[in-house]
Amino acid sequence: MAAATRDKKGRPIVAVTGIGVVTSLGVGKSDNWAKLSGGVSGIRRISRFPTEGLRTTIAGSVDEAYRDAMSPAELSERVALLAGDEAIAEAGIGIRGHFPGPLYLAPPPLEVEWAERIRMAEMAASNADTGYPDILRVARAFASANGEFKFAIIGEHLAEHFGTEGSPISLNTACASGASAIQLGMEAIRRGECEAALAIGADASLTPESLVRFSLLSALSTQNDPPERASKPFSKNRDGFVLAEGAAALVLENLDHARARGARVIGILEGYGEKSDSFHRTRTSPDGKPIIATMHNALADAGVGPEDVDYINAHGTSTPENDKMEHLGVATVFGERIRGIPISSNKSMIGHTLTAAGAVEAAFTLLTMQNQRLPPTINHAIPDPAIQLDVVPNVARDAKVRRAISNSFGFGGQNVCLVMALEPA
Amino acid sequence: MTERREVWITGAGLITCLGEGLEANWNHLERGDTPPFDDKTFAPYIVHPLGPVNFDRQIPKKSDQRQMELWQRTGVYAAGLALADAGIAGRPDLLDGTDMIVAAGGGERDIPADSAILTGLRKVDARGPFLNERLMSDLRPTLFLAQLPNLLAGNISIVHGVVGSSRTFLGEESAGVDAVRIAQARVAAGQSDLTLVGGGYNAMRWDLLLVFEQAGVALKDAFAPVWDRGLHGGLALGSMGAFLVLESRDHAQSRGARPRARISPVYADRNRRRPGDVEATLRQQWDLIAGNVDPAHAAVISGATGAEPATSAERAALKDIGLPVRNTGTYIGHGVDAQFLANLAIGCMVIEHGKLFASTGTGDVGPSSSGISQVVVTSVGNWRGEGLGLIEKVD
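Line by line, the protein sequences give chains A and B.
First residue of the first sequence: 66, per our numbering; consecutive thereafter.
First residue of the second sequence: 470, per our numbering; consecutive thereafter.
Extracted from the complex, chain A is given alone in its bound form (with noise of 0.2 Å):
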């Protein structure tokens, strides 16, 4: 038997061999990088419910995925297995219903919605004010139909559907979820564990109130007309996310193991950072100190400097501070060569997908390295003087892409950075 494979330092390396994507794009990868690659935007106005009184009125919704009155968690499970499916027959892995690893998931934080609270409350009937007493005392009559609302719920059914390994971990580290979902994964590949991890990121919890809570945080945009120009990332006239559906599976597995079986290499998870922010609840440290260690730390656990890097994924919301303070930080990292390295944010096209943006960005992350083109950052139309940056503005373009970085930053001073290459020869 060959001697095993090993990074530089020492441990298996960790291949990624299975991709899927739901967006507001459309559902499957194709799907998704011809529209990727083709600027266009998934973002819409908002027809799952009435928007009067609300001050932003657009999202990017997985519409094509959409039932008729589905929740946030059964839309949310629909788009992962959607993703994973899609993952798995690519890498052709295990057998139907048996995944030969474990499930690391970062679904959206799940309760009991407003439908259901309504329903509970006409159900009790109460002729005065109506409370919890009010509620609890007809909820278990109302449970037997409705199911639970438990954050296990999604994974516990992802687990029985794939037959994944063990007990699935949902995790959750805001906005930087999906790439820390794809971080468990390699690091216990890295540890011998497993050969193989589905690592998967879900969200489509589009409500009145996930709408509301982020616009009372001011984080919205609220440029509502027309809805596919209100994504601007890096522009000067920036104002804001739009909050967004969508999901991403990897498969992710030894590449001894990947190459054993004979399957293809979509591209290689070389390493990945993360440093916690301990300045404030929703805002980055004014020095981008943590931003900043993220990615050296990402750099570092590769074995790569930032000289290797072709390409910058970023996280690029949209908001006022979160691109002013992302531009900080690559410009720190990368020097005067930060003005030769293409950066581009698919929020542009697709919105804040929240939970699952890390893993849908590193998704296309490795599909900009497997076809050799850069997405563009759309509505680039007043470049924000501020922010020197080749944003790859408006129009994909073709590029030498052997290593890419893809940056995840979240409230609660969440940050996760993740270096992909193309297979070594």
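Honestly, the hints are just simulated from the structure, not real lab data.
For each residue, glycine too, the CB sits at the ideal point set by N, CA and C.
Restraint ranges, calculated between C-beta atoms of paired labels, are given here: (1) A:K74 <-> B:L757: 28 to 36 Å; (2) A:A193 <-> B:T510: 14 to 22 Å; (3) A:E129 <-> B:A827: 58 to 66 Å; (4) B:N523 <-> A:E129: 51 to 59 Å; (5) B:L700 <-> A:V105: 56 to 64 Å; (6) B:N740 <-> A:E401: 50 to 58 Å; (7) A:K301 <-> B:V593: 38 to 46 Å; (8) B:R741 <-> A:A206: 20 to 28 Å; (9) B:D864 <-> A:K74: 27 to 35 Å; (10) A:A99 <-> B:N740: 40 to 48 Å.
Far from chain A by the CB rule (all over 12 Å, computed), these chain B residues: (11) D502; (12) P694; (13) D719; (14) E748; (15) D789; (16) G791; (17) K824.
Go by the hints and put chain B onto chain A.
Just chain B now, kept in the frame of chain A:
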């Protein structure tokens, strides 16, 4: 597999309905008194409120306290106790590289706002626009931050300066087991030297009772020990914060830290909960550690919830294993994602004292005395997830 390092628990922090700190909890457990519980506030449901605690002692800034709901303050407080116990509180040189895994729920609702909206909704025809308008005017931005699951970890970063990394696991009891499992595995494999792991839970919440009542497992009407609540019994939610510091032996020794216990790999799994499934999974997990357990000096701390049929299944499995058993749920209630952490902290006290605490209920078997140096901690989730961990005395 790469070479594995020995992992120590070098710090533990615990607050429950029995009070603050490991000593206060141990003293109560040793006496075996009926624990404080509240059967009035949420009648007919029974819950265990947090014992008296002065949050200022671990969260000095009122502005920080105002940004958190009770579940977060509880967790941040216990995290502070654990960091102090490990001797790393206020040590930026160590905290800068300290990783963190938190098991959390979240979603603390604004009950008056929800109730007012529900009442108002019944009187209008155009419900969608009414809901939008009221949400825009009634929701508080700070409450949203208190609802985000990862903001317990975020607040620990802010208040205590733990900034190596931060991950939050979701999913009821399994989240706590998996948090410890991954923390232990990372330290053992050299992916981390020092990890803070734990959770916080506030039982005094209508919105959580709603979830457990939907599942038909919330304890009502009369308090009884976990083992003796019968087929229609249930779990009594318990407020608690529980954190541990896990550290590689080399790292601990190089800074002169003392071990409370050594922790072996933790096992976690799931099944469909058909009859016999819980027993089979626990048995498989036990078989993985049985060779390292000396029955003459070992005991089980059970995380049985009181919910059926899980509690009876665990009881059968433990009878089969045959070690002395104590449950903690009778004393401190069920803290869901924080329970496994609390039980490991209590397990550390069992090892320190070399004996078990007072039995309560018919499933607690075996004597309290004799030199116990190994503790097996179980977790059988009220709905899903089985887990098991082994901690032992470091000689």
